[in-house]
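Residue numbers (this note's numbering), protein chains in the order written: chain A, 1 to 330; chain B, 1 to 332; chain C, 1 to 283.
Since the hints were made in silico from the structure, they are not lab data.
Treat the hints with care, as some may be off.
To give an idea of the interface, some chain A residues facing chain B are shown, with a C-beta separation under 10 Å as derived from the structure [as the list claims (entries may be wrong)]:
| id | residue |
| --- | --- |
| 1 | Gln74 |
| 2 | Asp188 |
| 3 | Val219 |
| 4 | Arg246 |
| 5 | Glu247 |
| 6 | Val273 |
| 7 | Pro277 |
| 8 | Asp281 |
| 9 | Ser301 |
| 10 | Arg304 |
Estimated spans, in silico, between C-beta atoms of each pair [stated by the list, open to error]:
| id | chain 1 | residue 1 | chain 2 | residue 2 | range |
| --- | --- | --- | --- | --- | --- |
| 11 | B | Ala189 | C | Ala171 | 33 to 39 Å |
| 12 | A | Ala129 | B | Met17 | 37 to 43 Å |
| 13 | C | Val24 | A | His18 | 40 to 46 Å |
One side of the interface only, derived from the structure: several residues of chain B facing chain C at Cβ under 8 Å [said to hold, decoys possible]:
| id | residue |
| --- | --- |
| 14 | His127 |
| 15 | Pro131 |
| 16 | Ala133 |
The beta carbon of each residue, even a glycine, is placed where N, CA and C say it ideally should be.
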Amino acid sequence: MDENTPILQVDGLNTTFHRNGRALPALRDVSFSVARGEVLGLVGESGSGKSVTLRSIIGLARRYGDVTGQVRWQGRDLVEMADRALRQIQGREIAMIFQEPMTSLNPLLTVGLQLEETLRAHTDLPRAARRDRAIEMLDLVGIPSAAQRLKDYPHQFSGGMRQRVMIAIALAANPKLLLADEPTTALDVTIQAQILDLILRLAQDMDMGVLLVTHDLGVVAQTCDNVAVMYAGRIVEQGLVRDVLREPRHPYTVGLMRSVPENLPPRTPLYSVPGVPPGLDALPPGCAFAPRCTSCIAPCSQDRPALSLITEGRQVACFNPVTKSQGNAA
Amino acid sequence: MTGTVMEIRDLHLRFPMGRSPADYVTGRPGRVVNALNGVSLDLIRGETLGVVGESGCGKSTLARCIVRLYTPSEGEIRFDGQDVFGTEQRADRAYNRRVQMMFQDPYSSLNPRMTTGQILAEALSVHKMRPDAKIPARVAELLELVRLSQDAQHKLPHEFSGGQRQRIAIARALAVEPEVLIADELVSALDVSVQAQVVNLLLELQETLDLTILFVAHDLRLVRHVSNRVAVIYLGRIVEVGDSETLFSAPAHPYSQALLSAAPSLNPDERGKAVKLEGELPSPLNMPSGCPFHVRCRHATETCKTTLPVLLPFKGRGEVACHHVEEINANA
Amino acid sequence: MSDMTFTNSQPSFFRMALRKPGLVAGLLIIGFSILLAVFPGAFAPYDPNTIDYNAIRQPPSWAHPFGTDLLGRDSLSRVIWAYQVNMQMAVFGTVFALVTGVIIGALVGYYRGIADLIFGRIVDAVITFPFLVLVIAMVAVLGPGLVNMYIAISVVYWVYYARLMRAEVIAQMGNDYAAAGVVMGYSDRRIIFRHLLPNAITPVIVYWMTDMALVILLGSSLGYLGLGAQPPQAEWGVLIAEGRNFISTAWWLSLMPGLAIVLTGLGFSLLGDGLADLLRPRG
């Protein structure tokens, strides 16, 4: 298969939740694609829709709201797919890992049993081969003396080791895509570095696409190939990590990057985007970022800028994108 | 006014875990969590001292000892020359007024059934900071100080965002006009842009109110930004302490080196430059002998396994607790 | 998704209460029960103690909707007047246990230590005995009657409230606002009673509601056994006991007071459930 052929193609994804009789547009017009071996970062603050995106792809969001649009996977549309057929894909072809591994592992079953259960559900391996595969997986994710640890329960593992177990279970069936929802947020930096390394290595070895949701631009910089920045349920900027972080064009991306205290004179005031994100039930009519934007111009408050290609490989949804010189001066 | 406001000397804190029936039969003593293992630290008036380390290293325990939420098993804390755990001082509530603390979780540190106005007024009236008639005016002043609107007075904590709640917590601490503020992961639960607002506020208040701050956090970038000095904690011991800029640009202890390089930089060109740290934090139930870091340290020798290194000045740039600090930093 | 921002208008406490049909029904039943208890004379068609030998054991009719008893007294009026005694039971049978239990539970939960160990043994001792047997034994020692029954119930029952309160206070102390109180230099009394107690008391209040129903049941049982209210006082348990020998010929004698017990119990249960829902901290 061609390196650049996308395995996952999301097109015009909309997710709407309903609360107290009001429609909340959690996702609007989200489009992107992930290729084999590619790591795409989805970055944004709480409520920007990054986690909802993952949940809409894998079919978890449809239980709580309406999902429309297209999620193309191996020539099929996951949005239209029946729950039964979707369950064949969940865990087998597309796997997901979460922020808190303790809550997604069953505390009453041994790690070995949980691994084997996944293998039984998603592979045709015989019993003995499943055990070997389970040991191999724990070994692969860097858990020492894997054969003995199969008999241990989740609480007998530390936070970092639990996340490794979670990854081992997720990857047991050789999925082609990994959805990772803030997989390292609950971990210490030294452990975070180990886990991110592990995910990267496995993505390469297994030729697997990764969709990594995080709020930490540093994690994006150190792990992802491409990045999509989300704000109020929409992608506002998308491109190669190197380009986006070096020369952000959307004013929100610029603001987000500037509030990270890096390369600043110590104890000087940190930049912070003025105002607060809008509530989903009170989105402004034009660009959702307009009320907080320092480069807001006349059309911004009436019309919504579409995500469009402004340079090679870079998409920005803004009527007045930041240029390099402005970016430095602002 | 400069000089040391607080001296922490050889602080130990052990939490007994209780003995299992098997322990009674075999006569084995109960297991003990060694949360702090001889922390010594000075807090200098007007400075911000950053404390960094991985979770479970004892940084929050240290903060809680300082405000007397925990009583140390050994060692002492002297504030203005007085032992804060001395029998007379224990009963002295003035210490609680002069040394205040702010907590990590903005959702649990405020009483959910009291309005902002009641929370602030309570602090003012218990410590008799103002005569009763002047309390409402002072509450209004405090809200202004932390940039909250006056109608916040009549609202309950659940009506505020995380950032606003931390402002209320700051206002409550400032109500009693303290000299020292302990900020335990004050902004860790907040989004970056909100984090920036709260940190800016804290730095500004420090200038205007002449505060000394102990800033405990796991976000290294943030600690580097706000601190004058930084202490790195590993398994309940300080392994390195020194000027913030020097320590962050050229850490001397192998653990500081690994910790700081693990923080993901915004620069994609720095990929793969991190000093890889193998393994995880050992359990404080089974403290390694000798240097607590030797099991993960790539420079460890036989000496490290047996002898505990002490904090010693290193090349006039702070103190480091490492037997091999000279060799490790020979090229630097 | 929990961090999603909503600009949510908070409806008032009162309006939220009205949206819960169970709570409204509970309030109506208990409200009406209190009215009957306070002004029985205004609702009862006859004097409850007027004897009429010409109308003995009459089945329900327009003149006597609940029928009449062995002495020709109007059963409806007897049931209504019994509200006075039975509702009084609900209050006096619980309120001393509630207050003592809440205070002791809060103190033990806050200080732990030796007091907690002793409390733990008391709990063990009390809950290993069947509750009814314990109360009957105490009434037997003190002598039958309402006041002695209240004393017996309270002496045993505070333990249940204290146990609940202790657990809730310990859970609340996991919140940093309690630690913040210590750091602020507040007195223990202030932290326990101003901060922890208001946050810890909700489950106790809910329990209190169901407990009032249980105490009415218990009081009626004791009345039935002749250990509680004494005839000729109108009390549901006493009324049921009076009718027990005629259950096949004059079923209304026992059935009507029984229904009153069921209805009041239901009212307290609905009220407790509704309050539990309503008092859950928001945000």
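Q. Hey, does the A/Glu247 contact hint survive, CB to chain B under 10 Å?
A. This interface hint is violated because 12 Å lies over the 10 Å limit.
Q: State, for the Cβ atoms of A/Ala129 and B/Met17, whether the hinted interval 37 to 43 Å holds or is violated.
A: Holds: the Cβ-Cβ distance is about 42 Å, inside 37 to 43 Å.
Q: With a cut-off of 10 Å on the beta carbons, see whether A/Ser301 makes it to chain B.
A: violated, 21 Å
Q) Does the Cβ distance between B/Ala189 and C/Ala171 fall inside 33 to 39 Å? A) Since the Cβ atoms of B/Ala189 and C/Ala171 sit about 21 Å apart, the hinted range of 33 to 39 Å is violated.
Q.
Using the nearest Cβ pair, does A/Asp281 come within less than 10 Å of chain B?
A. For A/Asp281, the interface hint is violated, since the closest Cβ of chain B sits about 16 Å away, which is over 10 Å.
Q) Does A/Asp188 meet its interface restraint, that is, does its C-beta lie within less than 10 Å of any C-beta in chain B? A) holds, 4 Å
**Q.** Residue hint A/Arg246, partner chain B, criterion CB-CB below 10 Å
**A.** Constraint on A/Arg246 satisfied, holds at 8 Å.
Q. Under the criterion of a CB-CB separation shorter than 8 Å, is B/Pro131 in contact with chain C as hinted?
A. violated, 19 Å
Q | Hinted contact A/Pro277 with chain B - closest CB pair below 10 Å | A | Result: holds, 9 Å to nearest chain B Cβ.
Q.
Under 10 Å is the threshold here; is the Cβ of A/Val273 close enough to any Cβ of chain B for the hint to stand?
A. holds, 5 Å
(Q) Using the nearest Cβ pair, does A/Arg304 come within less than 10 Å of chain B? (A) violated, 22 Å
Q: Tell me if A/Gln74 is really an interface residue toward chain B, meaning its C-beta lies closer than 10 Å to one of theirs.
A: violated, 31 Å
The structure fails hints 1, 5, 8, 9, 10, 11, 13, 15 and 16 (numbered hints given earlier, in ascending order).
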